[in-house]
Amino acid sequence: MATNARSENISWIRGFRRVSVAPAFGFALVALLLVWLAINLAKTPSDFASVALEGLTLGLVYGLIALGYSLVYGILELINFAHGDVFMLGSWISFTVAAHKIGLDAGSSGFAVIWGLALTLLVAMAFCGALNVTIERLAYRPLRNAPRLAPLITAIGMSFILQNVGLNRLGPAPVSVPNILPTDPVFSIGGHAYRWSSLIVALTTFPILFLLIWLVQRTRQGKAMRATAQDQEAAAMMGINVNRTISFTFLIAGALAGVAGLLYALYSTNIRYDQGFQLGLIAFTAAVLGGIGNLPGAVLGAILIGLIQQFNEGLSWHAPSSQWTQSIVFAILILILVFRPEGLLGERTPEGG
Amino acid sequence: MTELPEYRRPWWDRWAEILGEPRRRWRALDDRQRYQVGIVLRVVLLGVVVYIAWPLALLVLVLFLAQYAKPYIPDEYAWARRMLVPTIVLIVAVTYPFYVESLPVMQLFGAFPDVNTAVIMGVYVIMAIGLNIVVGYAGLLDLGYVAFYAMGAYACAWFASVQFSGQHIKFGAVGVGGSTPGIHISIWVLLLIAAILTALIGIVIGLPTLRLRGDYLAIVTLGFGEILPQVANNGDSLGGFNLTNGPNGITPIDSPGFFGISFQEGSGSFFTGPRLYFWFVLILVIITVFSSLRLRDSRLGRAWIAIREDETAAAAMGVPLMRTKTWAYATGAFFGGIAGAYFASFKSSTFPNDFSFNISAFILSMVILGGMGNVWGVIFGAAFLAYLNQEGLANIGHKLNQTFGTHLDVPLYQYGIYGAIIVIVMLVRPEGLIPSARRQAEFREGVADTPLYDTQA
Chain A
0 MATNARSENI SWIRGFRRVS VAPAFGFALV ALLLVWLAIN LAKTPSDFAS VALEGLTLGL
60 VYGLIALGYS LVYGILELIN FAHGDVFMLG SWISFTVAAH KIGLDAGSSG FAVIWGLALT
120 LLVAMAFCGA LNVTIERLAY RPLRNAPRLA PLITAIGMSF ILQNVGLNRL GPAPVSVPNI
180 LPTDPVFSIG GHAYRWSSLI VALTTFPILF LLIWLVQRTR QGKAMRATAQ DQEAAAMMGI
240 NVNRTISFTF LIAGALAGVA GLLYALYSTN IRYDQGFQLG LIAFTAAVLG GIGNLPGAVL
300 GAILIGLIQQ FNEGLSWHAP SSQWTQSIVF AILILILVFR PEGLLGERTP EGG
Chain B
220 MTELPEYRRP WWDRWAEILG EPRRRWRALD DRQRYQVGIV LRVVLLGVVV YIAWPLALLV
280 LVLFLAQYAK PYIPDEYAWA RRMLVPTIVL IVAVTYPFYV ESLPVMQLFG AFPDVNTAVI
340 MGVYVIMAIG LNIVVGYAGL LDLGYVAFYA MGAYACAWFA SVQFSGQHIK FGAVGVGGST
400 PGIHISIWVL LLIAAILTAL IGIVIGLPTL RLRGDYLAIV TLGFGEILPQ VANNGDSLGG
460 FNLTNGPNGI TPIDSPGFFG ISFQEGSGSF FTGPRLYFWF VLILVIITVF SSLRLRDSRL
520 GRAWIAIRED ETAAAAMGVP LMRTKTWAYA TGAFFGGIAG AYFASFKSST FPNDFSFNIS
580 AFILSMVILG GMGNVWGVIF GAAFLAYLNQ EGLANIGHKL NQTFGTHLDV PLYQYGIYGA
640 IIVIVMLVRP EGLIPSARRQ AEFREGVADT PLYDTQA
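So the sequence lines, in the order shown, correspond to chains A and B.
Heads up: the first sequence at position 248 corresponds to 247 in the numbering used here, and the numbers run straight through without jumps.
Heads up: the second sequence at position 135 corresponds to 354 in the numbering used here, and the numbers run straight through without jumps.
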């Protein structure tokens, strides 16, 4: 396109003017952050280590949600606002199936817990996947050729609808989930226990991530997804069923949201009808931080965001504390979008990100 | 793409497109059939309105008649042609407080909105028109409009309450005792101050972010819209300084007034408080509508529309993109600030919880429902949804529960209903109920949507 050629031609002029300020500002911020972390590490090493571990665990759960945003954005260039609420409904269905239908609670035996949770996982993945595909079919596909903002606005509307479905099912108050996973400490650092439940949650995410990477990089369907993401028309000419590929992507994204919903319910033992909006935005920030459309980047960004959140809430020396978490996450989002919209791992493209 | 032919697609796949069906049917008609269907639709609309309440139907009928009478006005009274419909609407609106008591109860919706609700509707109309400048004219999706509303409300609260009790500043405030601490500036001055302050905030937010592409811009504005209320919430000890009084909010806020009459108390049985608030919000609405229309037709407004339709072409024609977009932002913020300040003064309080993302989406759904880019549509959408929000949903829910014997708390699901409105409008009639002709063409034919600015720093 002519626009790209133009920006490439004069990029050195703009670079001369702007790039000198933006990275300097960015480096200064990161340096400040590192100094703050180092001082905290020196002051209370055990706190720091346990907070970092919790942050890592939380970050992995965020990563599952962030992958959903990234997958959909990669293929449709659509910020799927409803994704966070699909995740919330994943939490709801996991809670319903595990606690009410199967009847798991803190006292269940190990065998029952393993099989019960495996079943719950399957149900949650299937439910959220199907939900996501339905949303795409009903709300996004008719707008495929509409102005770009139309599906985004629809996604916001969908998000509200799903949130109110959750409100109807869960009620306005937070619902507490029984401690199904064992809460004994695996090990403890300076008095802070790292629980089995956290470890299991963290470990569950890895096989799923590898499965996803295998799916996208090695299988035929993954190749179709990548081709569709690059150029829908060319992909269609090569015999790829674009609509089916997009539906498949939404299915995968929804299934990941279902996994995340279950893990989050187990990890935080507290679910709420509006968690989808908040965590969805945090996960979206993570996806942008890592480079939206880039799958490893989404996980990296999510881990960073999880760490930042836990450091902010858990450290003692000059931490802004949890009432500022959201502002910090959004400030990161804004800074990244303004100064480096391609994210940490993304490539610099003329369109930017 | 690779669509199967209609007869080979499974039933569920065809059902999924049921929302698009009316549009497809409409497209299949020729001009004569469209005219006939248009007549039928109008009669049906009138019938529904007659069923709901006859005074509304009378108003709709008068407006229709005025519309049809327009061409018969001779050319030397061309001004009357333009003024006819606005004058009728204005007379109906100004006299509203006098006859609202004697209006019959509407079917389904319950009683007509009382004067206090009408004030809130007016405030939302101002906000929606402000957002319409950003979204409808300039085509920049702003998901953080509530930040401007919050800014206006807090600007009003700071300078017209006992918040800064260390200060003793008074300037034209009505109904404030001589020994009351705090800053008390006349609300009329404050409306302007709040609006200008908010416009400045709009410029500050806009300058770094307006280079971004449409959806990124939406997210960044959403970020600002989330940060500002949180700052308000945590602002009771910003380095030990109590800026916003935290979650407890700032209350009470002075009420506007003139000639020593405070709007809170009113004066006598004619100039009651709500009536005064109502008439002045009407004046604000008129000013907003007038400036919005004039702006649309100005050089700046045409530049906004050009940018919305094709950024690259607009830039090639010499439209300065950044400056034009920033102006759109500042103007939208300006009206948001006025509305926020007036609303804060009307409620006599401002709380951080009033400024959630939901409000942004609520105002956005007003603009979408009414018709992006068309002031009259936006006014209708804003008034209708604000009324639903204040009274309508509760009444409808009450009626539904009575009829079907259910126990559904309809107002609880208000945002789900607005979400459904957004989705359905975007799918069935993306140009809104009362679209502008230009916007309608864009949605029908599609526009080039590639941004000129790349998002690199």
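If you're looking for bench data, these hints aren't it; they were derived computationally from the structure.
Even for Gly, the Cβ is constructed at its ideal location relative to N, Cα and C.
Each hint should be verified, as a subset may be incorrect.
Unchecked claim - Stretches of chain B that chain A covers, calculated by requiring three or more beta carbons in the stretch to come under 8 Å of a beta carbon on chain A: (1) 432 to 438; (2) 446 to 455; (3) 627 to 634.
Do the hints match the structure? See the list:
{"no.": "1", "hint": "432 to 438", "in the structure": "holds (count 6)"}
{"no.": "2", "hint": "446 to 455", "in the structure": "holds (count 5)"}
{"no.": "3", "hint": "627 to 634", "in the structure": "holds (count 3)"}
Going through the hint list in order, the structure satisfies each hint without exception.
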